[in-house]
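Chemist: Build out the structure end to end from the sequences listed, making use of the hints.
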Amino acid sequence: MDDHASIKVQAPPVQLERVPLVGNQRGLGWLTDRIAGVIEGETPAWWKMCFAISLTMMTVCFVMILYLMSTGVGVWGLQHPVMWGYAIINFVWWIGIGHAGTLISAILFLLRQKWRTSINRAAEAMTIFAVMCAGIFPLIHIGRIWLGWWLFPIPNSNGIWPQFRSPLMWDVFAVSTYFTVSVLFWYMGLIPDLAVMRDRAKTKIRKIGYGLFALGWTGSNRHWSNYEKAYLILAGLSTPLVLSVHSIVSLDFAVSQLPGWHTTIFPPYFVAGAVYSGFGMVLTLLIPLRRMLKLEDIITVRHVELMCKVTLGVGSIVGYAYAMEFFIAWYSGNPYERFLFLRNRAADPFIIGPMFHVAPAPYWWAFWTMVICNVVVPQFFWFKKVRTSMLTVFALSILVNVGMWFERFVIVITSLHRDFLPSNWGFYAPTWVDILQYLGTFGLFFTFFLLFIRYIPLIAIAEVKGVTPQADPHHPLGGAKVGGQH
Amino acid sequence: MPAPYAIMAEFDTPAAVLQAAGKVREHGYHQWDVFTPFPIHGMDSAMGMKNSKVGWFSFIGGCTGYTTGMLMIWFMNAVNYPVVIGGKPMFSPLPAFPPSYELTILFGAFGALLGMLFLNRLPRLHNPLLKNARFALATRDRFFVVIESSDPKYSEQETRRLLESIGSQHIEMVEE
Amino acid sequence: MIACQSENNVPIVGKEMVGKSREMHWIRLDRYYAGPVEDPQAVAQPMLCQHCEAAPCESVCPVNATSHDDEGLNVMTYNRCVGTRYCSNNCPYKVRRFNFFDYNRHPLNHQFLYRSPLVAKTDGEWELLRWLKNPDKGNLPEDEWQLAKLVKNPDVSVRMRGVMEKCSFCLQRIEQAKIAAKVKARDTDHIRLTEKEGTVPKTACQQACPAEAIVFGDMADPASSVSKAKEQERTYKVLEFLLTKPRTTYLARVRNPNPAMPDSKEHPLPYTSEEFNKGPFSPGEGAEEPAEKGAL
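Protein chains in written order, with this note's numbering: chain A, 1 to 486; chain B, 487 to 662; chain C, 663 to 958.
One should not assume that every hint holds.
[Stated by the list, open to error] Here are some of the chain C residues that sit facing chain B, going by a computed Cβ distance under 7 Å:
id	residue
1	A716
2	A717
3	E720
4	S729
5	H730
6	D764
[As the list claims (entries may be wrong)] Simulated pairs of lysine-lysine, DSS-like, Cα-Cα distance not exceeding 25 Å:
id	chain 1	residue 1	chain 2	residue 2
7	B	K536	B	K617
8	A	K204	B	K574
9	C	K783	C	K677
10	C	K907	C	K892
11	B	K574	A	K481
12	B	K539	A	K202
13	C	K811	C	K844
14	C	K907	B	K574
15	B	K536	B	K509
16	B	K574	C	K899
17	C	K844	C	K858
18	C	K864	C	K899
19	C	K840	C	K814
20	B	K536	A	K207
21	C	K799	C	K783
22	A	K309	A	K114
23	A	K384	A	K309
24	C	K846	C	K814
If you are wondering where the hints come from, they were derived from the structure by calculation, not from laboratory data.
A virtual CB, placed ideally from N, CA and C, is assigned to each residue, including glycine.
Modeler: Right, here's the structure in full:
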């Protein structure tokens with residue numbers, strides 16, 4: 001036999017069974033009923049209790065804001081030289097949390113990750129509410145809050161315009177755009193789901209309410225065609241948006257001269273950190289929700305696993321960024337940078353301080369909390385046992401967010417309180433107003449989130465149905481006859 | 487009896503409705519549509535539809551946004567009220583870029599959403615199909631092919647026979 | 663420092679606020695020590711707004727509240743400032759001060775500064791109502807209020823809470839000198855302030871300093887004492903490597919103690935010339951004679 005005839009043909013490799021995205025082979029009708037059932041059922045007792053608590057906390061937040069507005073910024077713990085404290089820390093923290101929602105919605109969509117469909121609606125809602133909480137802080141932290149509108153390019157009696165070279169102005173545009181585009185994207189995704197609720201509505205109010213916002217959606221394929229194109233475009237726009245928003249927020253610091261702030265690694269470092277904290281918050285919210293609302297077949301263990309893997313990935317990037325910051329500070333030979341990283345941050349009283357013969361840094365505890373929660377904690381997600389244990393993941397996700405809050409704390413406070421001239425050195429301690437305001441924003445967030453899960457489908461019904469095998473015309477469950485022919 | 491608005495055929499599986507759509511298109515109907523709870527892969531080509539035009543709306547929106555940003559910043563900081571800030575140039579494309587970039591995305595997003603609604607002629611709150619009780623299943627787990635009576639090839643018996651032949655479970659007339 | 667405070671209506675903040683580092687002085691004296699811990703030598707360096715040419719504070723203000731004027735000062739526009747405090751964060755010298763409370767309207771203890779006008783009363787009247795009736799009325803007893811008004815310099819605005827402030831090189835005195843020169847010049851063009859004619863004003867700190875350590879004047883005039891001082895070899899700028907290009911320069915103090923003096927061994931030079939030549943960040947930067955130059 002010559003060589004042409006003796007070409008070996010191998011059998012095609014055995015296809016790996018894909019873990020199904022919806023557990024127990026649930027059908028389209030079941031999915032619709034279960035997700036819509038969350039809204040149509042009776043208000044659970046736990047919802048009422050949580051809502052009461054968060055409403056109280058939200059009221060506390062507003063009362064604190066009134067106190068701040070009427071009395072002055074001095075009620076916070078700020079002092080010379082630490083002119084930015086809890087307000088900016090909380091602002092960056094909340095915005096960071098919001099980034100996971102857009103990443104899940106937009107970036108995972110562009111990467112064709114079908115598993116995003118169970119979590120994207122709740123994650124986008126989380127983004128919107130987190131950005132709302134974040135947006136409060138730049139407004140209230142300024143000294144003359146009633147003149148905050150001067151930050152927008154609106155004609156005023158001074159005849160003067162804002163100064164666009166300032167990163168705070170870029171923030172104004174970035175955060176407003178982020179909020180608006182997130183709302184647009186979220187709403188667009190909601191239109192078919194609101195149509196589902198409209199078609200199931202038993203009371204007139206619900207029918208009119210859902211029907212109004214569903215805009216008369218019928219599920220026409222001509223409409224779906226435009227819809228899918230618009231969805232793709234919005235996802236494609238949201239991806240650079242989410243990358244740019246946190247980069248711009250990081251430029252608030254990076255444009256400054258302070259050691260520890262004046263570094264080019266901030267934009268990617270902040271974006272990675274934001275995604276990290278965002279996924280932490282998504283996990284914190286969805287793990288209890290899937291149990292309490294009995295959605296385990298839709299938000300499956302596999303979804304949680306995949307989210308843990310993303311968290312691990314971005315957490316490792318954050319850890320790398322920390323290492324790089326230290327390395328560059330040392331390598332640069334700049335004594336101010338070296339001072340900052342060693343004496344202001346890393347020097348603890350037990351290991352590093354004695355090793356380098358330096359006094360402990362005043363905020364060493366914040367720095368080391370940050371390092372443990374952001375570098376060590378995500379590494380646990382390498383282990384499948386950890387990823388599949390819901391309680392462990394929940395606990396670790398809370399640590400993720402704690403760590404990220406401390407990261408912002410370390411960045412803002414340690415760079416500010418001891419900088420170039422020693423005569424300027426000071427300390428920062430929060431006041432009760434600071435703390436109550438921060439806790440109050442949780443009230444704001446959870447109030448809106450609880451209302452969201454009560455009245456709006458928290459899972460993207462149409463999208464989840466679309467990724468089941470029952471929806472695939474080439475799959476036996478979708479009606480295809482044997483051999484893929486239909 | 488008032489003239490029916492359309493004839494509606496119900497299907498159980500995406501494969502069935504996909505096949506049906508192909509057949510309806512082959513028979514040359516134009517005023518018809520398929521209604522599904524989610525977009526079905528391959529339906530656009532089965533229906534003979536062209537690419538969606540939403541992209542143009544978004545593109546125009548994005549260009550407008552970028553130009554608006556740059557022009558606004560140039561006008562405000564270099565023309566209308568120039569102020570010396572740290573010895574920096576009155577207008578520079580570099581610091582003007584982040585706000586313009588954000589406006590690009592903002593206007594592009596509006597273009598996409600509003601373009602989509604415009605092309606879909608939404609909101610359209612009064613639709614004869616929405617009054618039909620059975621049609622409510624279109625958002626749940628059933629797939630519908632609807633041929634409007636205004637179609638030139640529409641005929642009460644012929645169309646009904648066609649729909650029956652392609653495997654519909656349930657055929658209904660939709661009132662106006 | 664006190665001269666500056668009186669001239670520019672810098673508010674007094676009270677003991678508690680000073681304890682929180684919220685003092686409002688526009689010029690401060692930084693103390694630097696050299697030599698052994700048991701017997702250090704101290705030197706004071708006045709630190710005030712350096713009026714940097716490439717001012718880091720200006721480019722980060724989102725509302726155009728701080729800028730250069732055409733005569734080379736970094737000016738602060740109080741009525742435009744919304745109080746983001748980014749400028750203070752970006753100032754490497756940290757010479758900017760923020761009005762955390764309404765120091766000018768309230769008595770200066772904890773009870774008054776921290777209480778909210780929404781719930782408090784003055785003279786039996788609800789504070790919010792008092793404010794609505796007359797926003798300019800403070801919350802001090804009437805006779806104290808009249809006295810407080812007398813303390814203030816009418817040429818300088820009084821800043822409300824939430825506004826940043828910093829040294830302005832006594833801009834009000836410069837303007838007065840300019841106006842006087844214009845009045846005297848009538849129709850001629852002879853309005854430039856020169857030292858030869860004695861029309862250049864003194865800043866409050868310069869006027870008060872008994873050692874005449876502060877010199878202020880027109881940097882663009884080569885004959886002014888400021889320009890001459892800047893040409894000296896011992897001129898330096900604080901934090902020069904940050905390239906803020908401050909217009910305020912300092913003169914390094916040169917000491918030449920006589921070795922025959924009895925205490926020359928107990929008080930040697932803080933460093934040798936080798937140590938000095940090692941570089942800007944070596945220990946023992948040495949004693950500096952703070953002689954400050956300003957620009958017109």
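Chemist: Take the hints in turn and mark each one as holding or not.
Modeler: Hints, verified against the model:
1. The interface hint given for A716/C is met, as the beta carbon of that residue sits about 5 Å from the closest beta carbon of chain B, less than 7 Å.
2. Using the Cβ-Cβ criterion of 7 Å, the hint placing A717/C at the interface with chain B is satisfied: the shortest such distance is roughly 5 Å.
3. With 7 Å as the threshold, the beta carbon of E720/C comes within range of chain B, its nearest partner Cβ sitting at about 4 Å, so the hint holds.
4. For the restraint placing S729/C at the interface with chain B, the shortest Cβ-Cβ distance is roughly 4 Å, inside the 7 Å limit, so the hint holds.
5. Checking H730/C against chain B: minimum C-beta separation of about 4 Å stays under 7 Å; hint holds.
6. Restraint check, D764/C versus chain B: the minimum CB separation of about 28 Å is more than 7 Å; hint violated.
7. The straight-line distance between the Cα atoms of K536/B and K617/B is roughly 30 Å, outside the 25 Å bound, and the hint therefore fails.
8. Distance hint between K204/A and K574/B is unfulfilled; the C-alpha atoms sit about 62 Å from each other, more than 25 Å.
9. In summary, the hint linking K783/C to K677/C is supported, as the alpha carbons are separated by about 23 Å, within the 25 Å threshold.
10. In summary, the hint linking K907/C to K892/C is supported, as the alpha carbons are separated by about 14 Å, within the 25 Å threshold.
11. For the hint pairing K574/B with K481/A, the CA-to-CA distance comes to about 70 Å; that exceeds 25 Å, so the pair is violated.
12. For the suggested pair K539/B and K202/A, the alpha carbons sit about 37 Å apart, so the restraint of at most 25 Å is broken.
13. Between the alpha carbons of K811/C and K844/C the distance comes to roughly 31 Å, so the proposed pair goes past 25 Å and is violated.
14. Only pairs whose Cα atoms come within 25 Å are accepted, and K907/C paired with K574/B is accepted, the gap being roughly 13 Å.
15. The suggested pairing of K536/B with K509/B holds, with an alpha-carbon distance near 18 Å, which does not exceed 25 Å.
16. For the hint linking K574/B to K899/C, the alpha-carbon distance of about 21 Å falls within 25 Å, and the restraint holds.
17. The hinted pair formed by K844/C and K858/C meets the criterion: a straight-line CA distance of about 17 Å does not exceed 25 Å.
18. With a C-alpha separation of about 22 Å, the suggested pairing of K864/C with K899/C holds against the 25 Å cut-off.
19. About 23 Å separates the Cα atoms of K840/C and K814/C, which keeps this hinted pair within 25 Å; it holds.
20. This hinted pair does not check out: K536/B and K207/A have alpha carbons roughly 34 Å apart, beyond 25 Å.
21. As the CA atoms of K799/C and K783/C are separated by approximately 13 Å, the hinted pair is consistent with the 25 Å bound.
22. Only pairs whose Cα atoms come within 25 Å are accepted, and K309/A paired with K114/A is accepted, the gap being roughly 15 Å.
23. In summary, the hint linking K384/A to K309/A is supported, as the alpha carbons are separated by about 10 Å, within the 25 Å threshold.
24. Between K846/C and K814/C the alpha-carbon distance is near 29 Å, which puts this suggested pair outside the 25 Å criterion.
Hint check: violations occur at hints 6, 7, 8, 11, 12, 13, 20 and 24; the rest are consistent with the structure.
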